[in-house]
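*Asks:* Protein chains in written order, with my numbering: chain A, 3 to 316; chain B, 36 to 141.
Rather than coming from a laboratory, the hints here were simulated on the basis of the structure. Quick caveat, the model's predicted, so the values are computed rather than measured. Among the clues, some could well be false.
[As the list claims (entries may be wrong)] Chain A is faced by these chain B residues, among others (derived, beta-carbon under 8 Å):
| # | residue |
| --- | --- |
| 1 | 38 |
| 2 | 40 |
| 3 | 41 |
| 4 | 71 |
| 5 | 75 |
| 6 | 131 |
| 7 | 136 |
| 8 | 140 |
[What the hints assert, rightly or not] Here are the in silico distance ranges between beta carbons for each label pair:
| # | chain 1 | residue 1 | chain 2 | residue 2 | range |
| --- | --- | --- | --- | --- | --- |
| 9 | A | 247 | B | 60 | 38 to 48 Å |
| 10 | B | 91 | A | 48 | 39 to 49 Å |
| 11 | A | 13 | B | 52 | 46 to 56 Å |
| 12 | A | 50 | B | 137 | 41 to 51 Å |
| 13 | B | 94 | A | 155 | 56 to 66 Å |
| 14 | A | 247 | B | 132 | 47 to 57 Å |
All residues carry an ideal CB built from backbone N, CA and C; glycine is no exception.
Spelled out from the first residue to the last, the chains are:
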Amino acid sequence: MKRIDRLTQAQTDRLTEIRDKWIRIGLCAEPADRAKAEEGLRLAYRSGGIDPPRKIVWTGSPLSNALVRAICRASVRDSVRDSVGDSVRESVRASVRASVRASVWDSGYGQHDAGWLGFFDAFAEFGLKGQTEKLRGLWMVAESAGWFLPHQNICWIAERPAFLRLEKIPGQDEFHNRLHCDDGPAIRFADGWEIYALHGVRMSQAEHAMDDPRKIIAVQNAEIRAALIRRMGMERMLAHLPHKSLSRSGDYELLSIQLSEQIADARYLKMKNQSVPGVWHLEGVHPTCQTVEHANNWRTTGDIHQSWVPEVLT
Amino acid sequence: MSKRHQQGDIKLHPIAALPKGAKRLMARDGRYVLAEGEATGHHHAVAERPGVEMYEHEGTLFLRVEKPADLVHEEHATQVVEPGLYEVGRVLEYDYLEEQMRQVRD
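Bound conformation, chain A alone:
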């Protein structure tokens, strides 16, 4: 048994290269290297102590994996899987989960396992070959394909995305990014499955296409609503919504907005996000609110006259 107590300077320098290699793997949007992925899968099965699957079936996306399996479901789950997170994988995961929940937990994430596989790759590089040998199959799959659904006799495996649209997260280092595309999907897979996102906020295609302020203001999810308002711009948003200002205080303004002929006086609190520059929120408050103070009271206590002022606010 070999043990590493400290890294040499050369090993420390090498860590940067290993990191970059696994980021490239995780975000790769090239067609799969099918031969290498299949060899990796067989090796991974053997490393788990089971015979390789008799059939390996290629699909266009993780969603197709799940749907095809849901149709042919018959087999036994095995143990060739694990998980770690990154922004892209989390998005794909949440999107598949919304459709076919069980398959998310059964999947191996291929290239999206880059986070933890890269970590162990570094140990292998530094000499712990025997201890990491069992991961060799999963490394090969990650380097060459997308998600897979391993069963005893059959394994479904997906192509990588056809493209990814990412942006750097402001204020963070160059390795922190999130899904973002203003005018189309942020991820598209070969079979046409798409994921839409604005600044890391996932939404449906219908929400992403919204350009009517009246529809945007009615979106129930507060983060999706804020992301859509951000894209449109608060000033443009309000320019399209008949409104008047009822009260102002600091970064808050209470507005009366005409949403429709029937809803002529909807009270909304316009407020600046305390943590993310350039982000504004519009949140509906109780119709009895007359001032910003009423609105803040109601939001935090449910009573316009009962105050609850946070001592720590971010």
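Using the hints, position chain B against chain A.
*Replies:* For chain B alone, kept in the frame of chain A given last:
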């Protein structure tokens, strides 16, 4: 000294005692998640460690902190939560189309 905290749509309100019958919750992936955003996967969370406990009673979460603990979120600045017992709440919003109030959902 316990303080009132607000991080985005989450509130921490100091209380004197847990309600009777409150159930202790286990941490998930090394942290106690106070709220999770379904559109971003971001969490308001406190790391699991000795002296931090989370409870649930009738749909409400409670946090017990024995040493200062960080309340973190991917987009909001971290807050230091002083020792104490807190009820976890969410801010409200009014839905004019449904004509009803609800907790802010993200």
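*Asks:* Of the numbered hints stated previously, which ones are contradicted by the structure, given in increasing order?
*Replies:* 4, 13 and 14
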